[in-house]
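Line by line, the protein sequences give chains F and W.
So in numbering that gives the first Met the number 0, the last one in the first sequence is 320, and the numbering has no gaps at all.
So in numbering that gives the first Met the number 0, the last one in the second sequence is 320, and the numbering has no gaps at all.
Misleading hints may appear alongside valid ones.
As the list makes no split between identical chains, a pair holds if one copy fits it or if it spans any two.
[To be verified] DMTMM-like mimics (lysine to aspartate or glutamate), calculated; alpha carbons at most 25 Å apart, straight line: (1) K259 <-> D28; (2) K259 <-> D277; (3) K151 <-> D28; (4) K233 <-> D158; (5) K39 <-> E251; (6) K83 <-> E99.
In short, the hints are calculated from the structure, not lab data.
Number of protein chains: 2
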Amino acid sequence: MHSFEELVKKFSSHFNVRHFPAEPATLFDPCEYFLGLGGKRIRPVMCLMGNELFNEISPDAYDLASAIELFHNFTLIHDDIMDKAPLRRGMQTVHTKYDESTALLSGDVMLIQAYEYVNKIRTNYIHRILHLFNKTARQVCEGQQLDMDFEKKGRVKLDEYITMIGLKTSVLMAASLQMGAILGGAGEGNANHLYQFGLNLGIAFQVQDDYLDAFGDPQKFGKQVGGDIVANKKTFLMIHALEVAADEQKKELENLAHLKDEGKVDKVLSIYKSCGVDEWARSLKEKYITEALQHLEDAAVLSSRKKPLQELASFLVQRDY
Amino acid sequence: MHSFEELVKKFSSHFNVRHFPAEPATLFDPCEYFLGLGGKRIRPVMCLMGNELFNEISPDAYDLASAIELFHNFTLIHDDIMDKAPLRRGMQTVHTKYDESTALLSGDVMLIQAYEYVNKIRTNYIHRILHLFNKTARQVCEGQQLDMDFEKKGRVKLDEYITMIGLKTSVLMAASLQMGAILGGAGEGNANHLYQFGLNLGIAFQVQDDYLDAFGDPQKFGKQVGGDIVANKKTFLMIHALEVAADEQKKELENLAHLKDEGKVDKVLSIYKSCGVDEWARSLKEKYITEALQHLEDAAVLSSRKKPLQELASFLVQRDY
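Generate coordinates for the entire structure from the input sequences, incorporating the hints supplied.
The structure is reproduced here in structure tokens:
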């Protein structure tokens, strides 16, 4: 049994190798550059945790974890193009450092390489895992599309936003746990409980992400504070504020969305605070965490084995970065 | 045993169905739109032909053929973004009809769906086929990258261009045949001969493609005549012309490359003709076809079974569209 930190180390010792050929360097150097930016490696570690819940970590769980991390990085490279994001983890995004065509193609080849790791899974599990991997990958694309659609929409309802976040963020966490568990020999019922644990945790994770963007410490968070506000992104905070704020404040939020006002971030934050959005976000996060932990509780596994996942849940939703 | 035409029909009756969910329509309608534009379906038919060379067509050969055709269409959608191409098969490209983000994401989800068809392959073949599929997919990306790199380069040598075309175009044809053959029970030796047949045929196919762009009938070809010339693309014709033309003509070709001259296409075509580029292209094509047919000859299969592949070779390199 390993803690989150230990599993990050174990995963990194497998993953921090070159994943691509040397040539053509114009294609593969950008891939290696982006992977070198690091990341929290949450999803691959969830795969290992799901696996270790039932048994010693199986060798192919590391391959699946690598596939998951490559898939996640593929989505980041392509999302950055679509979002025209200049920075990721405080460093230049691929399309900024190179160009859009290179970023597009590097992302493509990273997705393909993910499938090469999937191919290392034991034969008796390959069909089931490949199907779950494909389904999840498709859902993540659906989530990204909904996110873009919402940008163009006036109002977005909270339940629509949760559906989008579920697809864009949570299903990959949920499936990482579930697929790891399947490789560990989990039955259908336990695999489903773990999926639901991951799904609810993923929503809580996103609530925290949206919260940190507005109320986090920029030094720790590594991103511009209020970046979502500047970009007029729909977030848990903005959607709720537009639902509960007084009419005058709603109008101000809607007006601010069309401005490139220097004081915009401060003005929006002040409205958020005055209508208790920060407090609401904390309790929403709690609701999803409770739901997640209940599913973990319901999984028929030795209690002592569940500890790393409980720690992970605490880490993800209490993190300040 | 079926002819090319018959296999196109058989494949189409499997493939001309909806491949994606209905929602979100903003993501999946563009996928279905693009598939609806049709195409020659050469690669999936090559997969079926490779399969039928050894046995009755196995049901999963149709799934593999669908995976191949989806993969091919994914590359077209993304290539069109990178090439800023407004038209494909005489219709709007995805990024023109919708937008670039939609085209990017539609391509992604089409690649993922290709892998879902790969997953339908019989278990005893899945690892071998998935590996070949991944390797080929990666090589196609390498070819596209080299193609873009060449755009920025002054001179490109013929052998560099052939390497690029081999990756961008031929390996998928070669692997389609080879993977189909493997599913038909082919041994290593025969599978390799078929791969080499496809590889050489693919080069000949591209020579013909470059030839048609310059000398084809625009009504039949469905593309702007001299499109490659307008776009200053390196082609078999241009590379050879720059090697054999008189110094004065070389200078003119290089000058024309920097112009948006209305008479540019005619001027380049006139130089092509005066230094016999059209004749050279036809003999180059013959060379590759002969090499391809030799590999087919060397495959240890009943001669009568080879007829559809011989017909395919003739069709591909004699086609005027």
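Of the hints stated earlier, which fail here? Numbers 1, 5 - these are the hints that the structure violates, sorted from lowest upward.
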